[in-house]
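Asks: Spelled out from the first residue to the last, the chains are:
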Amino acid sequence: MNTVYFLIQQTMFFTIPLMLVAIGGMFSERSGVINIALEGIMIWGGFCSILFINMTQEALSGQLLLMLAILVAMASGAIFSLLHAYASIHMKADQTISGTALNLLAPALAIFMARMIQTSGVQQIPFKNTFRIEKVPVLGDIPVLGNLFFQNTYITTYIGIGILVVSAVVLYKTKFGLRLRACGEHPQAADSVGVSVYKMRYAGVTISGALSGLGGLIFVVTTSTNFNENVAGYGFLALAVLIFGQWKPYRIAGAALFFGFMKTISATYSSIPWLQGLNITGYVYKMIPYIATLIVLIFSSKQSQAPKAEGIPYDQGAR
Amino acid sequence: MNDKKKIKLAMPDLSRAAGPLSSIFAIIVGLIIGLIILLFANSSKALAGFGWIIGGSLQSAKDIGNVFYYATPIIMTGLSVALAFRTSLFNIGASGQFIMGALGAVMVGVHADFLGSFHWVAALLASMVFGAVWAFLPGLLKAFYNVNEVISCIMTNYIGMYLVNILVRATVYHKLTNRSVPVKATANIPKMGLDKLFPDSMVNGGFLIAVLISILIYIMLNKTTFGFELKACGYNKDASLYAGINSKKNIILAMVISGALAGIGGGLLYLAGSGKYIYVEDILAPEGFTGISVALLGMSHPIGTLFAGIFIAYITVGGSYMQLSGFVPEIIDIITATIIYFAAFAQILRGALQRIHFRKAGDRS
Numbered sequence: 010m011n012t013v014y015f016l017i018q019q020t021m022f023f024t025i026p027l028m029l030v031a032i033g034g035m036f037s038e039r040s041g042v043i044n045i046a047l048e049g050i051m052i053w054g055g056f057c058s059i060l061f062i063n064m065t066q067e068a069l070s071g072q073l074l075l076m077l078a079i080l081v082a083m084a085s086g087a088i089f090s091l092l093h094a095y096a097s098i099h100m101k102a103d104q105t106i107s108g109t110a111l112n113l114l115a116p117a118l119a120i121f122m123a124r125m126i127q128t129s130g131v132q133q134i135p136f137k138n139t140f141r142i143e144k145v146p147v148l149g150d151i152p153v154l155g156n157l158f159f160q161n162t163y164i165t166t167y168i169g170i171g172i173l174v175v176s177a178v179v180l181y182k183t184k185f186g187l188r189l190r191a192c193g194e195h196p197q198a199a200d201s202v203g204v205s206v207y208k209m210r211y212a213g214v215t216i217s218g219a220l221s222g223l224g225g226l227i228f229v230v231t232t233s234t235n236f237n238e239n240v241a242g243y244g245f246l247a248l249a250v251l252i253f254g255q256w257k258p259y260r261i262a263g264a265a266l267f268f269g270f271m272k273t274i275s276a277t278y279s280s281i282p283w284l285q286g287l288n289i290t291g292y293v294y295k296m297i298p299y300i301a302t303l304i305v306l307i308f309s310s311k312q313s314q315a316p317k318a319e320g321i322p323y324d325q326g327a328r
Numbered sequence: 541m542n543d544k545k546k547i548k549l550a551m552p553d554l555s556r557a558a559g560p561l562s563s564i565f566a567i568i569v570g571l572i573i574g575l576i577i578l579l580f581a582n583s584s585k586a587l588a589g590f591g592w593i594i595g596g597s598l599q600s601a602k603d604i605g606n607v608f609y610y611a612t613p614i615i616m617t618g619l620s621v622a623l624a625f626r627t628s629l630f631n632i633g634a635s636g637q638f639i640m641g642a643l644g645a646v647m648v649g650v651h652a653d654f655l656g657s658f659h660w661v662a663a664l665l666a667s668m669v670f671g672a673v674w675a676f677l678p679g680l681l682k683a684f685y686n687v688n689e690v691i692s693c694i695m696t697n698y699i700g701m702y703l704v705n706i707l708v709r710a711t712v713y714h715k716l717t718n719r720s721v722p723v724k725a726t727a728n729i730p731k732m733g734l735d736k737l738f739p740d741s742m743v744n745g746g747f748l749i750a751v752l753i754s755i756l757i758y759i760m761l762n763k764t765t766f767g768f769e770l771k772a773c774g775y776n777k778d779a780s781l782y783a784g785i786n787s788k789k790n791i792i793l794a795m796v797i798s799g800a801l802a803g804i805g806g807g808l809l810y811l812a813g814s815g816k817y818i819y820v821e822d823i824l825a826p827e828g829f830t831g832i833s834v835a836l837l838g839m840s841h842p843i844g845t846l847f848a849g850i851f852i853a854y855i856t857v858g859g860s861y862m863q864l865s866g867f868v869p870e871i872i873d874i875i876t877a878t879i880i881y882f883a884a885f886a887q888i889l890r891g892a893l894q895r896i897h898f899r900k901a902g903d904r905s
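Protein sequences appear in the order of chains A and B. First residue of the first sequence? That's 10 in this note's numbering, and the numbers climb one at a time after it. First residue of the second sequence? That's 541 in this note's numbering, and the numbers climb one at a time after it.
These are calculated hints, taken from the structure and not from any lab test. There is no bait here: all hints are sound.
In silico DSS-like cross-links for lysine-lysine, where the CA-CA straight-line distance does not exceed 25 Å:
1. Lys-777(B) - Lys-101(A)
2. Lys-771(B) - Lys-317(A)
3. Lys-101(A) - Lys-771(B)
4. Lys-317(A) - Lys-101(A)
5. Lys-788(B) - Lys-311(A)
6. Lys-317(A) - Lys-788(B)
7. Lys-777(B) - Lys-311(A)
8. Lys-771(B) - Lys-788(B)
9. Lys-736(B) - Lys-602(B)
10. Lys-777(B) - Lys-317(A)
11. Lys-789(B) - Lys-311(A)
To give an idea of the chain A side of the interface with chain B (calculated C-beta under 7 Å), a few residues:
12. Ala-96
13. Thr-105
14. Ile-106
15. Ala-110
16. Leu-114
17. Ala-117
18. Arg-124
19. Ile-252
20. Tyr-299
21. Ser-310
22. Lys-311
Predicted, not measured: the structure shown is a model, and the values here were computed from it. For glycine and all other residues, C-beta sits at the position ideal for the given N, C-alpha and C.
Please work from the sequences and hints to get the whole structure.
Replies: So this is what it looks like as structure tokens:
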């Protein structure tokens, strides 16, 4: 039973950042802008917030510091994503190219700044993890459920689930969500009834930036004590989750859970007795999430429900 | 008719040159931003550091030779990405294809020394085949299952990385250094006289092979029916289907050729005789991603890609000297990223140039 608890807890660590970043990507793509820069934004958000933790951890600690870091991560991610928004909305740039540029820029800038700012001159940014919650009061004592979801956890897990629910409501139950979706499906029609396509697309990309930055922070905090200017391709995995989740919030959550579980197996195979007994080289397990993604995509890509206008710069003259 | 001709002579249509012009514009902006960052980081040494970027590669024949050496693999991955771009495919999987190609080259290079003077050719062919096979998979999934090639390429990057780790350990492993064993001397690509031209540098015949392949790809894309079909599928899938072009076949072929090019890049680097070994570690080959920059900067044109590869290698070699001024070489990556970012604005520049042209010509159509 302990193995099961351990697996579920680990799965949550991997799932939450994936899900948040994919939901961010969903907002961007639903507004009509392909955001391949999720990886870069994650790195940038992670860098800014971990640097913030590193510099303030003498004075602050625990949940307060984490909450402040979350704000830093979201703000820095949102600001960084404006570069992509400006290029792809105002400058009508090829969105893949500008996204690729951001993916290149983020790690380079982060490494450069880390090495220039830190007196040690190294690119790794260490931090003390004072954020883990051993056991949530009251809820953690519930048998089974408490063990599964309220022990050995982070506050970010609950924030992530909250953001999922809010996102679904915003996307489907509010005026803003309806307009956002319209801009991704048929921007000319949206414009003709007075919706500002540019504003909506800026909003979509900025939300994706904020959530990706947050995802970057959560990924680093829950999986290491040392930021090395990379997030292990999570931004790209989130793109796969987004497609597998068919651009819909709850399906994205399901897809993220699936990948999170696969990732958990590949990361923890050595501590699962019966997997270790099989005596297969660790690289095979490490391949599993990626192979599983490919297989799943084969079955889910045929009837793709991608937003129709995504990737096409909006041109008012082309009604 | 005559009047129109005269006007054209008076004012050439600059919008046709928008590609190269916007690349040059992007390079200038990228360098300026690099200089600004240097000034912020350390204003007293900024100009010295910038001097290294601009001129560090011109200090000696050795440095120039090394520029060509560093350019060789990224020209190949750049060609790989560029060719895919021309078919509207984004081959972000060049990294995996590159390292698979390297594995093929090293495996043949280590184990097939009975081939004699044909050895290096066989090793290079192996790298081509390995790269092609690794790109076949995303091509197949794209053509028949509509799987987004960006995602499948990212997946095959990681799968390839781990697969190479497994296969290196199984076939060509040197346990003490945790890397592949050196290839036999006969598998190293001949210098082809370049060592005389650039003494002490690491440049070798691989660079000439890369130049030759760039020209071949240019001819294939622009002078053959096959190349036309590939590009037609990229421009308009439906129209090319209507014209009787088999788009499924073309998608797969484009990916396979693209992968073969990236694979050769891996072969050229790991057969260079410069002390390169495949390390068993969980790091994606960066050459594949540099290839994306190279292709974008070269406007996906084979010859443009050739020059873009040389340019990126040029500032990289120059940037490696910047540590003498106390700067970290990552500034080069920042400059490259900025260049790519501004290169994405090409569309706007093209439109602006077109407007200028029409205004001058008095034709406002």
